[in-house]
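**Q** With chain A fixed as given, assemble chain B onto it according to the hints.
Listed in order, the protein sequences are those of chains A and B.
Residue 1 is where the first sequence starts when you use this note's numbering, and the numbers rise one by one after that.
Residue 325 is where the second sequence starts when you use this note's numbering, and the numbers rise one by one after that.
No lab work stands behind these hints: they were computed from the structure.
Honestly, I wouldn't trust all of these hints.
As the list claims (entries may be wrong) - Going by beta-carbon spacing under 8 angstroms, a handful of chain B positions derived as facing chain A:
#	residue
1	Phe383
2	Val449
3	Met451
4	Val454
5	Leu455
6	Leu458
7	Val463
8	Ala466
9	Phe550
10	Phe574
11	Leu575
12	Met591
13	Leu595
What the hints assert, rightly or not - Some residues of chain B that are not near chain A, with every Cβ distance over 10 angstroms (derived):
#	residue
14	Ala429
15	Arg447
16	Ile462
17	Ser497
18	Ser509
19	Ala568
20	Thr576
To be verified - Ranges of calculated distance between the beta carbons of each label pair, as one might list FRET restraints:
#	chain 1	residue 1	chain 2	residue 2	range
21	A	Asp93	B	Leu572	56 to 66 angstroms
22	A	Gly139	B	Pro372	49 to 59 angstroms
23	A	Val17	B	Pro372	53 to 63 angstroms
24	A	Arg164	B	Pro372	32 to 42 angstroms
25	B	Leu505	A	Glu220	47 to 57 angstroms
26	A	Leu178	B	Thr576	44 to 54 angstroms
27	A	Ser138	B	Leu528	18 to 28 angstroms
28	B	Pro513	A	Thr78	52 to 62 angstroms
29	B	Asp389	A	Tyr72	24 to 34 angstroms
For every residue, glycine included, the Cβ atom is placed at its ideal position computed from N, Cα and C.
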Amino acid sequence: MRRRFDIRRLTQYGVVVVVAVTLNFLLPRLMPGSPLTLIAGVDVGLLSADQRAEIMARVGLDAALWKQYLRYWGDIFTGDFGYSFRSSRPIVDMIWDRLPWTLLITGLSFIVSAVVGVVLGAISAWRRGTKIDLGMLSGMISIESLPSFWLGMVLISIFAVQWRLLPSSGAVTSASDLVGWAHTWDIVRHAILPAATLSILATPGVYMTMRYSMLETLREDYIRTARAKGADERRVLFGHVARNAIAPVVTVLALRLGFAFGGTVIVETVFSYPGLGRMVFDAVSGRDYPVMQAAFLVFTAAVLAANLLADLLYPLIDPRTRTS
Amino acid sequence: MTVTGHRQRATTRTALRSSRLSSLLGLTGVVIVGALVSAAVLAPWLAPYDPTERVARPFLSPSWDHLLGTNDIGQDLLSEMIFGARVSLTVGIVAAAVALLIGTAVGVVAGYYPRRLGSVMMRGVDMILVLPFLPLLIVLAAYLGRSLLNTILVIGVLIWAEPARVIRSQVLSLRSREHVLAARSMGAPDRWTILRHIVPRTALLATGSFVRAVSNAILLEAALSFLGLGDPIQKSWGSTLFWAQERLAFLTPAWKWWVLPPGLLIMMASLGFALVAFSLEERIDPRL
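Just chain B, same shape as in the assembly:
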């Protein structure tokens, strides 16, 4: 875990070029996220059918009535995709919010009190980063049982370590800035200094880690649902793939309309947030 630090001397030319690149990528990300979020919000109006109703014969190929065909019990797959956006995005965003809350709390405290408390806390963070992530996620989810809330909690509780690290390093440097020192020397209590002068300044960085966390959480939710550990009633894109796998859709021509679309949507969602995060991070720290 040794990391070598070097001086950075980006030339203006490459910096310019990369900033244009990052805003282009960021814009692409915003467009993707915007489209998916609108689909999720407008799902009842966009979807041609109720995804929980059996509206046709099972295993239908795509037709004008059912653009993506139907699944093993005759539900419309296109409607399932549109409503699936709600579940996948909600889990991703709420789990990331949980992670950000824990991560900010730990990061701010560990950064503001870097000596004893902070170093003990960061030891804990290192440990969490070393535990085998995916198996732990699966074991926890299996014990807790299948529900949307449990999925959110398990993911949120496991991905806060990275935001905590990022925010701590920011707080460490903020701590010795003049305005903070001034506040402290005038006798401001720690709580005041932290809430008034430290936390607001981590907001931009926190936004970056939040968006990055959403991107991860979407993939993790998909993986859990694919393993059959998702909420049995609220079907996400991952759950659709779980059923496609159970019914061996990928061994038939049905993979083109049953397996491809949900996977592409998961990828787009995760990629969209990742691109936004990438451009935010670049903006915050142009040396990356």
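Excised from the complex, chain A in its bound form:
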């Protein structure tokens, strides 16, 4: 049983990868305008016909479409994403430079939003229908409607400009020779605002799932049994309800981790944070198409990895699903 399930899931992941890569391959070739501009990064208008043909041949655009497609796959498997139009650096190196920063702030915000969301969700469900519940619920619905970039800008205005507590942009203080603890502290200070923005935005999703899951669990017979046998409320809440309610939340969390990655495009732009998201923004505004495409593949990989994680974690947390 278990085995067949795994194979089906793996096939699904495989299909998603093929679709993402194919989409990436086709987009610059199908879009209006010359693919030469999009793939080779040259201004077509300025070239003679001969020059154009020469560049077409160099970047392999003169080959049959299926040959180009195969080569594209080959490049991906050998980890060759090509070069940036703007900086002429290998894109793989750019990704490795920036990945740690994105991991830092998404990781931080993941932990914060998970803890806060689960705790508030549990309290809210436990006190269903009270003022606390209503207050938290409407607060969370409002947060879901916040434009992420705007939240970032407002936090900068308040904490960095008005109160001068934290730096407004970047990941480290430039041109400072901080070492050791001072250096670490500098990095932490720079990460606080972007990570806080991401945390605030990610909390409602966790909260809603936890609250809903708790409400469902509270209706179970074994909870009534626990109460009937006289277990004190705190013990019922943490020992019985929260423990059983948390399983679906873990799945949602894992899935969100993948999407949180994508969300960094906007937040890192606001904070000029040198992660992958900012790289996408720079690539978009500089028409640096190969960088844009490589980043899209990295984001797809992140979402798939998160899905895989969720699938693997679920049976560990909720034994009820193991046999099915």
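**A** For chain B alone, kept in the frame of chain A given last:
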């Protein structure tokens, strides 16, 4: 993606309480949406200036002449906000309509023919939901170029998967209801049954998903415009924030009148539609 289903046994008391709550939230949403839509419709009469004209010195602080001050080229920010409602709401509503059209078509077909065709279609829907949404949106918008129509299309084409899922599950259950079975057993062609008996019954649910989609689309439009991918001529609230960011308004006291208002308006618009959607969904399926 495993979801555990449990039985639902809402007590009458909590059901009552939550229905009162949902109509209160719904009413709030209707009021917000109503106010913003009226502002958009009445913009030429409400706005003190033409938002495309340079009417004063750049970077003015708020005064009685210019309640929200002026931007970097001397346009009145209050008028820009009022006219921005037109762009933001139009994109949100039209993009959601596009999404609903695709979503209903896919949902109805996939629900009515659940075996081969339906399961293949839903596989496709699952796939779309797995692709990294925001990066894909940005990449598509960057390739297509900056125009209002492109923004609408990119958003609409990317957010139909959720409505499709909701509508499919409704069609799946409608399909085996008696009146549908009766129609089919009397030899009604599929097309007739779908249009006459299935589609009208999804209307309420479709309205819910439509309103929810508007709420999302407004936020997505704002994000695209903020990244500089919006229409350069038709300025939305997101575009105002793009320029505020470009001119570093958030590092100066100007953030209070240049950064705060457009963001609050985006939030109100998205929240208004979300509240309406919330109360509609609750009404359709009180178990939520």
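**Q** Each hint: holds or not?
**A** Hints and how they fare:
About 16 angstroms separates the beta-carbon of Phe383(B) from the nearest beta-carbon of chain A, more than 8 angstroms, and the hint is not met. For Val449(B), the interface hint is violated, since its Cβ never comes within 8 angstroms of a Cβ in chain A; the closest pair sits about 12 angstroms apart. Of the supplied interface hints, the one on Met451(B) holds, with its beta-carbon coming within about 6 angstroms of a beta-carbon of chain A, less than 8 angstroms. Interface hint status for Val454(B): upheld, as the beta-carbon distance to the closest one in chain A is roughly 5 angstroms, under 8 angstroms.
Among the interface hints, the one on Leu455(B) holds; its C-beta lies about 6 angstroms from the nearest C-beta in chain A, closer than the 8 angstroms criterion. A cut of 8 angstroms between beta carbons decides the hint on Leu458(B): the least distance to chain A is about 4 angstroms, and the hint holds. With its C-beta approaching chain A no nearer than about 5 angstroms, Val463(B) sits inside the 8 angstroms limit, and its interface hint holds. The criterion of a C-beta within 8 angstroms of any C-beta in chain A is met by Ala466(B), whose closest approach is roughly 5 angstroms, and the hint holds.
The restraint placing Phe550(B) at the interface with chain A holds, with a minimum CB-CB distance near 5 angstroms, inside the 8 angstroms limit. Taking 8 angstroms as the C-beta contact cut-off toward chain A, the hint placing Phe574(B) at the interface holds, the least distance being around 4 angstroms. Hint status for Leu575(B) relative to chain A: holds, with the closest Cβ pair at about 5 angstroms, below 8 angstroms. Annotation: Met591(B) was flagged as interfacial toward chain A, and the flag holds, the nearest CB pair being 5 angstroms apart, inside 8 angstroms.
This hint holds: Leu595(B) has a C-beta 4 angstroms from the nearest C-beta of chain A, less than the 8 angstroms allowed. Listed as outside the interface, Ala429(B) is consistent with that label: its C-beta sits roughly 21 angstroms from the nearest C-beta of chain A, beyond the 10 angstroms cut-off. The beta carbon of Arg447(B) is not kept farther than 10 angstroms from every beta carbon of chain A, the shortest such distance being approximately 8 angstroms. The claim that Ile462(B) lies off the interface is violated: its Cβ sits roughly 6 angstroms from the closest Cβ of chain A, which falls inside the 10 angstroms cut-off.
Under the 10 angstroms C-beta cut-off, the non-interface status given to Ser497(B) relative to chain A holds; the minimum distance is some 21 angstroms. Look at Ser509(B): its CB is around 35 angstroms from the nearest CB on chain A, clear of 10 angstroms, so calling it non-interface holds up. The beta carbon of Ala568(B) sits about 8 angstroms from the closest Cβ of chain A, which is not more than 10 angstroms, so the claim that it is off the interface is violated. Residue-level check failed: Thr576(B) sits 8 angstroms from the nearest beta carbon of chain A, not beyond 10 angstroms.
At about 30 angstroms, the CB distance of Asp93(A) to Leu572(B) disagrees with the hint of 56 to 66 angstroms. A hinted range of 49 to 59 angstroms is violated for the C-beta pair Gly139(A) and Pro372(B), which are about 34 angstroms apart. The hinted window of 53 to 63 angstroms between Val17(A) and Pro372(B) holds, with their beta carbons roughly 54 angstroms apart. Range check, Arg164(A) to Pro372(B): Cβ separation about 36 angstroms, and the 32 to 42 angstroms hint holds.
A hinted range of 47 to 57 angstroms is violated for the C-beta pair Leu505(B) and Glu220(A), which are about 36 angstroms apart. Remark: the range hint 44 to 54 angstroms for Leu178(A) to Thr576(B) is contradicted by a beta-carbon distance near 28 angstroms. Between Ser138(A) and Leu528(B) the beta carbon distance is about 24 angstroms. The supplied range of 18 to 28 angstroms therefore holds. About 55 angstroms separates the C-beta atoms of Pro513(B) and Thr78(A), a value consistent with the hinted range of 52 to 62 angstroms.
A beta carbon spacing of about 58 angstroms between Asp389(B) and Tyr72(A) contradicts the range 24 to 34 angstroms that was offered as a hint.
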